[in-house]
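J.: Please take these sequences and the hints and turn them into a complete structure.
Oh and the sequence shown: position 27 is 29 in my numbering, straight run, nothing missing.
By construction, these hints were calculated from the structure, which means they are not laboratory data.
Note that the Cβ used here is the ideal one computed from N, Cα and C, for glycine as well.
Take these hints with a grain of salt, some might be off.
Claimed, not checked - Computed cross-link-like contacts, DMTMM-like style, restricted to lysine to aspartate or glutamate with a CA-CA straight-line distance of at most 25 Å:
hint, residue 1, residue 2
1, Lys355, Asp211
2, Lys437, Asp359
3, Lys553, Glu481
4, Lys553, Glu526
5, Lys430, Asp353
What the hints assert, rightly or not - Now the in silico label distances, taken between C-beta atoms and shown as ranges:
hint, residue 1, residue 2, range
6, Pro344, His476, 50 to 60 Å
7, Leu372, Leu531, 57 to 67 Å
8, Val386, Pro354, 24 to 34 Å
9, Phe318, Pro520, 55 to 65 Å
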Amino acid sequence: MSGRYGVPAAQELRFAKKGSTPGVMRRTAVLNPADRGLLRDHNLRLVLPGWSPSLLVAFRMIILVRFFAAMYTSLTGYEEAFDHWEPLHYLVRGHGFHSRGYSADHPLQSYVLLVLAAIPARIGSLFNYSNKRVCFFLVRLVLGTVSSYAEALFYRAVTDHVSPHVGRYVLWALIFSSGFYEAATSFVPATAALFFVLLASAFALRPADVTTRRIVMLVTGFVAASFISTPLVALLAAPFVVEQLLMQGTEQRIPAGQSAATMADRASQLGLALAASASVLLPIVLFDSRAYGQFTIVPLNVLKQTLATTSFSPNFATLSYYLYHSLLQLNVLLPLGLLSLPALALTVRVDPKRFGDLRDRLPGQTHPALSLALRLVPMHIWLVALSMQPRRDPTLLFPALPFFLLNGTTTIYFARCWVEQAYLSVTKSPYKSTKTVLFGNVTRGFMFVTCLLSFARIRAEYEHFHGPLMIYAHLQNYELPRLAISRFPGAYGKKAPDPTLPRLNFSIALDECETVIPLDRLSEFHLRLCLGAEAKRFPSHFLVPDQLEVKFIEGVEKHVPQPWVPSAGSGLGGVRRTSARVGRRSWKDWWRNRHVTM
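T.: In structure tokens form, the structure reads like this:
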């Protein structure tokens with residue numbers, strides 16, 4: 003087909019009009035983009051760039067999995083229910099179980115996380131006050147939403163400042179990782195620390211520069227995480243602070259003779275960042291002091307306890323415990339992450355162009371390999387720090403999960419680089435390297451294995467640990483309505499199903515009638531729910547109707563909490579009165595009469 007002047011349409015060249023948007027090149031991808039990451043694809047520089055979803059698309063992909071986790075994943079353990087969900091239930095509903103961590107004589111738990119979580123919980127109460135399950139799952143959905151956005155920011159930071167390939171691997175690892183599946187919606191301080199670490203890492207992965215924003219955001223994020231969870235989280239920021247103070251960076255161009263002045267400016271920016279971080283401590287102290295009824299700095303108390311219990315020498319038994327749990331959460335990404343630094347050294351040796359052209363690097367600029375090494379070190383620092391702690395808590399792995407994924411996926415990319423170099427050495431043809439699917443199949447194989455193992459782990463956790471959530475849901479939705487209808491047959495109208503039906507038939511009939519059976523009349527029977535050997539699986543009072551009183555069978559559990567002292571109202575005022583009473587009593591007396599005799 004011919005175009006104008008008899009020229010074939012396929013050979014016609016058209017120029018855009020002045021002031022108009024060129025529509026011809028709208029769908030044409032840019033070849034050889036300005037790659038500013040630490041890792042460069044010099045062999046595939048003329049290939050169309052791969053798929054890198056935007057921040058919003060990544061957020062949508064991640065939030066689907068997080069909402070599923072919020073609705074179906076089980077609690078992480080005994081501590082999550084009794085140390086966090088029960089105090090939150092007391093703040094919202096005025097009753098619940100009390101743990102020693104919130105006593106006035108042992109203030110090691112901050113109320114900031116509880117106060118923030120109480121906001122969506124109270125909103126859920128406004129919509130359906132009688133059904134506390136709404137509050138429980140609404141809090142978890144909010145946690146999943148915050149985690150999804152923070153994870154998407156971390157993914158984009160890896161894509162922009164490390165490598166688009168590594169960014170894609172990180173995205174798939176975030177979506178399918180069983181570790182993030184469990185950590186993102188858990189109501190524990192380590193999950194809040196994970197959110198701050200993700201946000202801080204999004205700035206920490208940027209190149210070191212003279213601007214204030216990077217250092218302020220990364221220091222504030224890591225310090226806030228250490229205030230809420232454990233002071234050990236601050237160790238994750240050490241490599242980035244060293245880079246900011248002592249290294250020029252991979253992109254900044256400092257004029258000759260001004261290096262000392264630039265480093266002095268960076269030191270002053272670090273002081274500003276520490277001052278901004280100190281402002282985070284103020285609301286924590288205010289909330290905790292009001293709740294405990296006395297001036298309390300919980301992060302300082304936690305720091306004292308951490309220093310008092312730290313052995314400052316690796317304990318291989320503790321290290322093996324954390325390696326085992328991280329292997330369950332990360333599967334093949336854990337050994338790959340442990341090999342990230344040796345893999346980096348090997349890549350510098352066999353493929354130095356992977357870190358850019360030496361001719362583009364100015365004198366004094368930091369080598370990209372060194373900058374990347376600083377971003378891979380936090381994972382190893384965290385494992386060493388945990389090995390020095392006598393406490394064995396799997397949730398302590400949560401704050402460092404982003405770096406575990408970064409290290410593991412970076413090693414996968416290095417393996418791809420080695421295959422590329424081997425292919426080029428055999429074929430001697432850069433053109434063939436742009437056409438082969440070998441490199442992509444190598445990385446797809448790694449990612450397929452880790453995603454498959456993670457899915458198997460998630461499936462196994464659901465099969466073996468989801469029982470308590472299902473049992474308590476059945477109790478509230480079927481067993482208690484059956485009891486209410488049988489005791490008050492005329493109070494619920496003709497639509498109520500026959501309570502004499504078999505259990506399965508009654509459940510089907512109750513679902514078909516689409517009528518909510520109020521349980522208020524059951525309060526006059528003073529019903530008790532007695533927990534035995536599975537008391538450690540108790541999912542909190544949020545899944546138990548107010549018409550039931552929860553008690554523990556004598557001789558089953560040694561360390562079970564007492565109920566909070568009932569107050570006239572919920573909130574920090576009631577917490578303050580209860581904490582003061584607990585503080586004036588010895589815990590030996592406090593643990594008495596916590597059981598019920600059968």
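J.: Are the hints correct? Go through all of them and say.
T.: Hint-by-hint comparison with the structure:
no.	hint	result
1	Lys355 / Asp211	holds (24 Å)
2	Lys437 / Asp359	holds (24 Å)
3	Lys553 / Glu481	holds (19 Å)
4	Lys553 / Glu526	holds (18 Å)
5	Lys430 / Asp353	holds (15 Å)
6	Pro344 / His476: 50 to 60 Å	holds (52 Å)
7	Leu372 / Leu531: 57 to 67 Å	holds (59 Å)
8	Val386 / Pro354: 24 to 34 Å	holds (30 Å)
9	Phe318 / Pro520: 55 to 65 Å	holds (57 Å)
Consistency note: the structure conflicts with none of the earlier hints.
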